[in-house]
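S.K.: Sequence:
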Amino acid sequence: MKVKIKKIVEDLNSGNATKISAAISALQVNGDLTVLKPLAEVLCTELDPKNKQEIIEFFSTLNDSSAVDAMIELVKNTQFIGIRPVLLSTLWNSKLDYSYYLPEFVEIACEGDFMEALECLTIIENMESAFEERHILEAQLHLKDYMEDQSPKDPKKAQIMSEIALLLKDFIELDDDDISQYLIDED
-1 MKVKIKKIVE DLNSGNATKI SAAISALQVN GDLTVLKPLA EVLCTELDPK NKQEIIEFFS
59 TLNDSSAVDA MIELVKNTQF IGIRPVLLST LWNSKLDYSY YLPEFVEIAC EGDFMEALEC
119 LTIIENMESA FEERHILEAQ LHLKDYMEDQ SPKDPKKAQI MSEIALLLKD FIELDDDDIS
179 QYLIDED
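Quick note: the sequence shown uses my numbering, first residue -1, plus one each step.
Because the hints were derived from the structure by calculation, they are not lab data. Treat the hints with care, since some could be wrong.
Listed next, the in silico EDC-like pairs over lysine to aspartate or glutamate satisfying Cα-Cα at most 20 Å (straight line) [as the list claims (entries may be wrong)]:
hint, residue 1, residue 2
1, K48, D9
2, K155, E126
3, K151, E109
4, K35, E8
5, K2, D30
6, K35, E52
7, K167, E123
8, K167, E105
9, K35, D67
10, K17, E55
11, K4, E39
12, K74, E39
Pairwise CB distance ranges, derived in the manner of DEER restraints [unchecked claim]:
hint, residue 1, residue 2, range
13, S64, T120, 20 to 26 Å
14, C42, D147, 26 to 32 Å
15, N14, E109, 35 to 41 Å
Backbone N, C-alpha and C define an ideal beta-carbon position, used for all residues, glycine too.
Use the sequences and the hints to build the structure in full.
M.R.: If you want it as structure tokens, here you go:
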């Protein structure tokens, strides 16, 4: 299997649009987590638009929950800063749950540009599971640092950051409501 994946990755790096398409198709059947980084590396290169779309679709259709950690590593990897907005868009398009990484998305929104902040907002809005209090608090710390930074801010990005702050506030209120409901039921 490793030999097969190695051959597919070689085809990915061939520069030949037909071979790249075939390799992406083969990865959908034979791939594992080790192919995510080579796919991102190829996405950073000058690609045929069709190949680029195929790779984006590949990332967007991941459905193995073990891919969550690997995708977060890609998003946080400075090697892929240039394609980070694209990678982030694949996360909110996928059906995987990234709720555990709430603080990381807020941090990326704070540090990144407007598009990264917008993609992070969309990811956060689509999170469905409950959050650990420590994750909400860590996310709030990132926001606090962003707000207290005296450097000039892009007004569009500042609006996105305000929306993220409101979502975090709602998450805390939901947790408080859940707790109070539980206490009422106990009486």
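S.K.: None of the hints should be skipped; say for each whether it holds.
M.R.: Evaluated hints:
Proposed proximity of K48 and D9 is supported: the alpha carbons are some 16 Å apart, at most 20 Å. Straight-line distance between C-alpha atoms of K155 and E126 comes to about 24 Å, which puts the hinted pair past the 20 Å bound. Under the criterion of a C-alpha separation no larger than 20 Å, the hint pairing K151 with E109 is consistent with the structure, at around 11 Å. With a C-alpha separation of about 13 Å, the suggested pairing of K35 with E8 holds against the 20 Å cut-off.
For the suggested pair K2 and D30, the alpha carbons sit about 11 Å apart, so the restraint of at most 20 Å is met. A C-alpha spacing of about 15 Å is found between K35 and E52, which places the hinted pair at or below 20 Å, so the restraint holds. For the hint pairing K167 with E123, the CA-to-CA distance comes to about 13 Å; that is within 20 Å, so the pair holds. Distance check on the hinted pair: K167 and E105 sit about 16 Å apart at the alpha-carbon level, within 20 Å; holds.
Only pairs whose Cα atoms come within 20 Å are accepted, and K35 paired with D67 is accepted, the gap being roughly 12 Å. Distance restraint check for K17 and E55: the Cα-Cα separation of roughly 17 Å lies within the 20 Å cut-off, and the hinted pair is therefore satisfied. At most 20 Å may separate the alpha-carbon atoms for a hinted pair to count; K4 and E39 meet this at roughly 15 Å. As the CA atoms of K74 and E39 are separated by approximately 14 Å, the hinted pair is consistent with the 20 Å bound.
S64 and T120 have their C-beta atoms about 23 Å apart, which keeps the hinted 20 to 26 Å range intact. About 29 Å separates the C-beta atoms of C42 and D147, a value consistent with the hinted range of 26 to 32 Å. Judged by the Cβ atoms, the range 35 to 41 Å given for N14 and E109 holds: they are separated by roughly 37 Å.
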